[in-house]
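Chemist: This is what each chain is made of:
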Amino acid sequence: MDQKKIHPTPMLDVLEEGPWPSFIAGFKRLRDKHPEKRINEMANSLLGQLEHSYETRKGYWKGGTVSVFGYGGGIIPRFSEVGAAFPESKEFHTLRVQPPAGNFYTTAMLRQLADSWEKFGSGMVTFHGQTGNIMFIGTTTENTQHFFDEINDYGWDLGGAGPCVRTAMSCVGSARCEQSCCNEQAIHRHLVNTFTDDVHRPALPYKFKFKVSGCPNDCVNSIERSDFAVIGTWRDDMKIDQTEVKAFVKKKGRQYMIDNVVTRCPTQCLSLKDDDTLVVDNKNCVRCMHCLNVMPKALSPGDDKGVTILIGGKRTLKIGDLMGTVIVPFMKLDTPEDYEKIVELGQNTIDFFAENALEHERTGEMIERIGLVNFLEGVGIEVDPNMVNHPRTSSYVRTDGWDEEAEKWFQRKAEEKAAAAG
Amino acid sequence: MSDKPKLRPPIETGCPDGFQYMHPVMRKNYGQWSYHEHPRPGVLKHVAHNGDVIWTVKAGTQRILDVFTLRTLCDIGEKYADGYVRFTIRSNIEYMLADAKKVEPLIKTLEDAGFVVGGTANSVSMISHTQGWLHCDIPGTDASGVVKAMMDELIDEFKNHNMPNRVHMTTSCCQINCGGQGDIAINVQHTKPPKINHNLVANVCERPSVVARCPVAAIRPAQVNGKPSLEVDEKKCICCGACYPPCPPMQINDPEHTKLAIWVGGNHSNARGKPTFQKLVAAGIPNNPPRWPEATAIVKQILKAYKEDARDWERINDWIERIGWPRFFEKTGLPFTKYHIDNWKGARNSLNASTHIRF
Ligand code: HEM
Ligand code: SF4
Ligand code: SF4
Ligand code: SF4
Ligand code: SF4
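Residue numbers (our numbering), protein chains in the order written: chain A, 1 to 422; chain B, 423 to 781.
None of these hints come from the bench; they were simulated from the model. Source: prediction; values computed, not measured. You may find that some hints are simply not true.
Which bits of chain A does chain B cover? Going by a derived footprint, with three or more residues having C-beta under 8 Å, they are [stated by the list, open to error]: (1) 45-56; (2) 294-305; (3) 308-320.
Where is the CB? At the ideal position from N, CA and C, for every residue including glycine.
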C-alpha cells in the first residue's frame, strides 16, 4: 500500500500489544501483506473507521437492504456513515453462513472457503457469531452475490437474519462426549432443514431459534437462548461402575467424595456406603449431571435415552430475559416416526407462533402474554406437572371446568398404564 | 435476448452434513464414548467403549480471523491433526488427534505461532462476544477490543486450571440484544435517554412500531417544530436503547454517558441447581477504549474473590448462593446501591421474605 494513504491508528495499535492473539494485527496483515490491492485498501479503510470509533466512542455503520437472488435474508447490510473518509470499506456487509452441527470442518474445506472469501470479500471471517453462523465480514453489495454463488455451489447455504427461523446450534455431543444422550447431528438437521424456506424468507413475527444439547449440561445454552431447546436425557437408572467408584474414593479420599459428590446432589439421592460403593436413588435423580461430571469414569447416563424439550428462551428485548420452559418432559428419538414427531412439534410451534405472536414478539413473550396453557392447547400438548416448579399460588382463577379436567387426567393415566402393560 | 447477467437461483441445502467433516475416529465412535480425562490444561482425552482414543487440543484465537491466520491454523491442523478441526461456541479452535505422540509437538507449534493453549475444565475460557464498533449498526462500545484487552490480562487463567469450576464470560455492546448469560458478563449500560433528531424521525422511522418497542411505554407521537416526530417521557425512560435500532435518529449512544455494567452468576448448565440468570453487581464503569482498564480491574477483583473463597465445583452462582450476597459485596469490595434492588416485573421474587440472614 501507498504509505501516504495509510490511516494512522494510534489507539488500535495498543491492541497489538499483549499476549492474546490480536485481531488488529490480523487486519494489518491484510492491509500490508496481502497481494491484492482491493483487500489492502479495504483493511486500511476499515482500520481507519474503527480508529475513528475508538477516538469518538461511537459507531458509524447503518443498515439497509441487501440480499442475494431468491432469498430475503441471510445478509447483514452495512453502509458506512463516514464513507467519504473511508471509502474502500463503505459497503461492508456480512454473510451469515450455516455451519454443520457441532462446528466441524476439514482444513481442506476451510481453505476452499478462505480462497472464495479472498476473491470477493475482506479476508476477515469469524468462527462463529453468537447465533452460530460463520460470519464472513465485509463485502460489497455486488460481491455478496458472487461469493454466495460460489460457496453455494459447493454445499454452503445462508443462515437466517430478520424475523425468520435462524441458524441452529448444537454441542459437540455424540461425536466426542460420553454424556450425550441423543443424536445432535440428526436432530439439528431434521429440525432446521425442515424450515429452509422460513430461514431464507423472513415472514415470521420475529426470530425463532433451535438449539440442541446432548445432555443437561446444556453446553450451547439452549434453555437461555433458544425458542426451541432440545436436550438429551435418560429415564432409566444411571450406570454405576462400582470398581471405578472405589478407585475414585481411593484416589481423591472419602472427604472429597462426600464434600464434592454426595452432598452436592440437589435432591439428596446419593449415598456412600461403608464399603465405598455408591447408591443412587434414581427415582429422585433429576439428571442434573453433577455427579456424572465429577466422576465420568464411574457414572454414566442410562440406556433408555431421549430428549426434553423447552420452549421460549430469549435475551432482554422486550420484556426481559426469559428461560425456556418444559413442554415435553421426555420423548424417545430412535425411529424415523420419532423424528417425524419432533419435526411436527417444531412445525406446530412455528405455525402457532406465526399466527398468534404480535410483531416483534418472541415465543417466550407470546407465552408470557397468553399463558402456557393456551400455547399447549394450540400445539396439542397435554399439561404435565413437570412443566411447573409448583402449582399456582394465586386463587384468582376460574375453576368451573375442574371435573372434566380431572377426568381427563385419570383417563390419560389409565391409558398410559394400559400402554405400559403392553 | 437481454445482455443482463442471468441470476443464479440458490440451492437451498440448509445446514450441511457434519459427518463429512468429523475426524474418522469420532465418526467411527459416534455415540460410543465412555469417559474423558484432562491430562493437562488445554488437552482432553476421550476414550470410547472399544478402547479407541481421541485427543483434543484447544487453543484461543482472536475470533475474527484474517485469511493468513486461518491458513496458519489449517497448516497446523494438517501437520498434526489429520486435517480435522472444530470450533467451540466461545470461538476456541479444537484439534482432534488420534496419535498421542503428536499432542506435545502440536501444543508447542500452536504456542510458537502465538495461539494460547487452554480453556478446558476449571479455567477461564475465551470471552464470547458480539460485533461492536467493527460491524454492528447500534453498538455502544467495541466487542473484539474489550475482549482482547481482558484476555491479555486473564491469559494465565485461560492457560491453567486454577478456578473452582469453569468460568464462562461474555460481553455485549448494547443492552438488549446478542450477548449471552455468563458467570461474568460485561455489558453496555446507557445512563441517559436518547437524543432525538426531530428533523429525521418522520422520514426514517415507522413511528407506531417505535412506540411499540419501548418496554416502559415512554415514547409517544408528537409534533415537534411543525414536523411529525416522537417524544420521550424522560422520567419514565429507563435508557435501554430499544428504540434506537428501529429509529436511528433516537441516538442512545453517547461517548460519556454510555457506560459498562458487570453482571455475575449466569449459568446455563443444569448441574446442581437449575440454570440461572446473571445479576447486576457493578455499573457506571467508563467505556474507555482502547483497553477498558476499569472494567478489567473489576472482573479481576471478582475472579480473585471467587478463586479464594469458592469450593471445588462451585460455579460463581453456586458460590454466591452459599455465601450470600452481603458477603459477595464484602469480599469483592464492590458497593451495594439502590440500583441493585430490582423493580422490573417479578421483582418481589428477588426480595428476601425471610429471616435468613448471615451474620
Ligand atoms: C440492530 C440490529 C441487530 C444486529 C445488527 C444484530 C446482530 C447480531 C449478530 C451479528 C449476531 C450473531 C449472529 C450469528 O451468530 O450469526 C447476533 C446474535 C444475536 N442477537 Fe442480534 N442483532 C441485532 C438485533 C438484535 C435484537 C433486537 C435482539 C433481541 C431482542 C438480538 C438478539 C440476539 C441474540 C440473543 C443473539 C445470539 C443469541 C444466540 O442465538 O445465542 N439481536 N445479533
Ligand atoms: S451438552 Fe452434554 S453432551 Fe453436549 S457437549 Fe456438553 S456435556 Fe457433552
Ligand atoms: S445427576 Fe444430579 S440429581 Fe442425579 S444423582 Fe447425580 S447429582 Fe444427584
Ligand atoms: S450486542 Fe447489540 S450492539 Fe452488539 S452486536 Fe449485538 S445488536 Fe449489535
Ligand atoms: S431508551 Fe428504552 S425506555 Fe427510553 S424511550 Fe427508548 S425504548 Fe423507551
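Chemist: Could you run down the list of hints and mark each one as holding or not?
Modeler: Structure-based check of all given hints:
Residue count for the segment 45-56 of chain A with a Cβ under 8 Å from a Cβ of chain B: 5. That meets the three needed, and the coverage hint holds. Given a C-beta distance limit of less than 8 Å, the hint that chain B covers the segment 294-305 of chain A holds, as 4 residues qualify and 3 suffice. Figure legend: the segment 308-320 of chain A, annotated as covered by chain B; annotation consistent (6 residues with Cβ-Cβ distances under 8 Å, at least 3 required).
Of the numbered hints given earlier, the model fails none.
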